[in-house]
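I would like the entire structure built from these sequences, with the hints used as guidance.
2 protein chains.
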Amino acid sequence: MPAHHNELAGDRALLSRTSTAERVADVLRSRIAEGFFPPGVRLSEGDVGGVLGISRNTLRESFRLLTHERLLEHRLNRGVFVRVLSVDDVLDIYRVRKLIECGVVNQLAEAGPPFGLDALAATVADGQAATREWRWRDLATANIHFHREVVALARSPRTDEVMSSVLAELRLALHVMDSPRRLHEPYLARNREILRTLRSGDAARAETMLREYLEDSRKQIVTAYAQRLGSGGDRDAQGARGA
Amino acid sequence: MPAHHNELAGDRALLSRTSTAERVADVLRSRIAEGFFPPGVRLSEGDVGGVLGISRNTLRESFRLLTHERLLEHRLNRGVFVRVLSVDDVLDIYRVRKLIECGVVNQLAEAGPPFGLDALAATVADGQAATREWRWRDLATANIHFHREVVALARSPRTDEVMSSVLAELRLALHVMDSPRRLHEPYLARNREILRTLRSGDAARAETMLREYLEDSRKQIVTAYAQRLGSGGDRDAQGARGA
DNA sequence: GCATATTTGTCCGTATGTATA
DNA sequence: CTATACATACGGACAAATATG
Numbered sequence: 001m002p003a004h005h006n007e008l009a010g011d012r013a014l015l016s017r018t019s020t021a022e023r024v025a026d027v028l029r030s031r032i033a034e035g036f037f038p039p040g041v042r043l044s045e046g047d048v049g050g051v052l053g054i055s056r057n058t059l060r061e062s063f064r065l066l067t068h069e070r071l072l073e074h075r076l077n078r079g080v081f082v083r084v085l086s087v088d089d090v091l092d093i094y095r096v097r098k099l100i101e102c103g104v105v106n107q108l109a110e111a112g113p114p115f116g117l118d119a120l121a122a123t124v125a126d127g128q129a130a131t132r133e134w135r136w137r138d139l140a141t142a143n144i145h146f147h148r149e150v151v152a153l154a155r156s157p158r159t160d161e162v163m164s165s166v167l168a169e170l171r172l173a174l175h176v177m178d179s180p181r182r183l184h185e186p187y188l189a190r191n192r193e194i195l196r197t198l199r200s201g202d203a204a205r206a207e208t209m210l211r212e213y214l215e216d217s218r219k220q221i222v223t224a225y226a227q228r229l230g231s232g233g234d235r236d237a238q239g240a241r242g243a
Numbered sequence: 001m002p003a004h005h006n007e008l009a010g011d012r013a014l015l016s017r018t019s020t021a022e023r024v025a026d027v028l029r030s031r032i033a034e035g036f037f038p039p040g041v042r043l044s045e046g047d048v049g050g051v052l053g054i055s056r057n058t059l060r061e062s063f064r065l066l067t068h069e070r071l072l073e074h075r076l077n078r079g080v081f082v083r084v085l086s087v088d089d090v091l092d093i094y095r096v097r098k099l100i101e102c103g104v105v106n107q108l109a110e111a112g113p114p115f116g117l118d119a120l121a122a123t124v125a126d127g128q129a130a131t132r133e134w135r136w137r138d139l140a141t142a143n144i145h146f147h148r149e150v151v152a153l154a155r156s157p158r159t160d161e162v163m164s165s166v167l168a169e170l171r172l173a174l175h176v177m178d179s180p181r182r183l184h185e186p187y188l189a190r191n192r193e194i195l196r197t198l199r200s201g202d203a204a205r206a207e208t209m210l211r212e213y214l215e216d217s218r219k220q221i222v223t224a225y226a227q228r229l230g231s232g233g234d235r236d237a238q239g240a241r242g243a
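Note that the protein sequences, when read in sequence, are chains A and B. Take 1 as the starting number for the first sequence in our numbering and just add one per residue. Take 1 as the starting number for the second sequence in our numbering and just add one per residue.
Keep in mind that a hint or two might mislead.
[To be verified] With a Cα cut of at most 30 Å, we get these calculated BS3-like pairs of lysine-lysine:
id, chain 1, residue 1, chain 2, residue 2
1, A, 98, A, 219
2, A, 219, B, 219
3, B, 98, A, 98
4, A, 98, B, 219
5, B, 219, B, 98
Keep in mind the hints are simulated off the structure, nothing from the lab. In this text the structure is predicted, and so the values were computed from the model without any measurement.
Quick look at the structure:
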């Protein structure tokens, strides 16, 4: 599908129906999530495009995608940067989380008890396995998946998308401090409790538990993040990387 | 700021800090909202780019922006089309509306009565003025603004953005049938009632009213839309327009 | 079913304005 | 203030897919 048959990240058009820009965006999204591109660094079109071996136009498409997901920040005539969340951003993210997550569970309370909890249970199991084997980064991932699956219970594609976007954004903040164990281990038990309560059919009580959960998590993360951003703050908004 | 000093949609760099692609996207967004580009039509790169006098690459970037707002649909090697919502889409939009709008009012019930209701009151006044003067299209706009302002009470930028996006999408469906009077006039009184109830400080009751409102609106629009889509359906996916 | 014309997808080269050293 | 680096936007090119006759 690409005109000049670029091989590095380009071909196999007939197999994958995604555009090259989307594939490049996938790569960059992973790099950001795993911290290879930490918040604050600039992604130069020349460098990144050179490494991946794609044209600037295509790369700009990818940047557009990630900018819309709020993972990158676009400053006019300055270029794109990995987003650095402010404390206000984190607060707003938790506002949205409370609104959506609690709202979904609240709707379940009205609908009735036959929920499909298998996917939710799987994330709890993943978290327990990760904890047993001291894989704290995986524990963080499982914890995030738990909340994604809570929202998935509403079976609303648009709600799922909003939640995915917000959680990916939150990961930017989590990555700035990452001590995954202290941040996530205490909440695993509460996830299990919420799951158990949902299994019993008492969605109203689960909603209360989730509300308290989010309140506690918000307090912990905001204080830790403000501290980290204040002391280790002012990460170089320059410092190109890539080549 | 543009290289070759394009005048039509190009210059005045020092004043407007937005890129040309965003400005072009603004124009197209308006054209879609006002129905000049109705759902289903294809936007040809050649035609639209020719009329607006911008290069193909820049136009494609605008298309990308609107595609991510779900106003355009991108079919591989076919071009971009103004989105045609399915009935499932409309159902999901109302799912999101109920979740967010009711959730926001529910949070107000916990927070306490000093809400800032001026902007909300203004939309009701706009609707009444539009009704008095038989400007049904403006009534529809005012009605949509009412719900946007309800959500704005939460003072959450991300929630605002989600709501704006969802309402812009809903407008695609409303435009397919447009008999704005029958669709919007009955709800003006209910808007006023909800505003009055919020003024009295009883957010809990306002939430119930809003919930019933959305339920009724959903039923009406879904049935009307399914009918319209079934009979008048299969709008030409061809029929270029522009020049 | 086939040949042609149109349109899209991708990439390159270049000119110009903007921000920073 | 000058110089450098880079983002922005343009036009052109060609391959591939689609539409048209």
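Do the hints match the structure? See the list:
| no. | hint | verdict |
| --- | --- | --- |
| 1 | A:98 / A:219 | 13 Å, holds |
| 2 | A:219 / B:219 | 41 Å, violated |
| 3 | B:98 / A:98 | 15 Å, holds |
| 4 | A:98 / B:219 | 28 Å, holds |
| 5 | B:219 / B:98 | 13 Å, holds |
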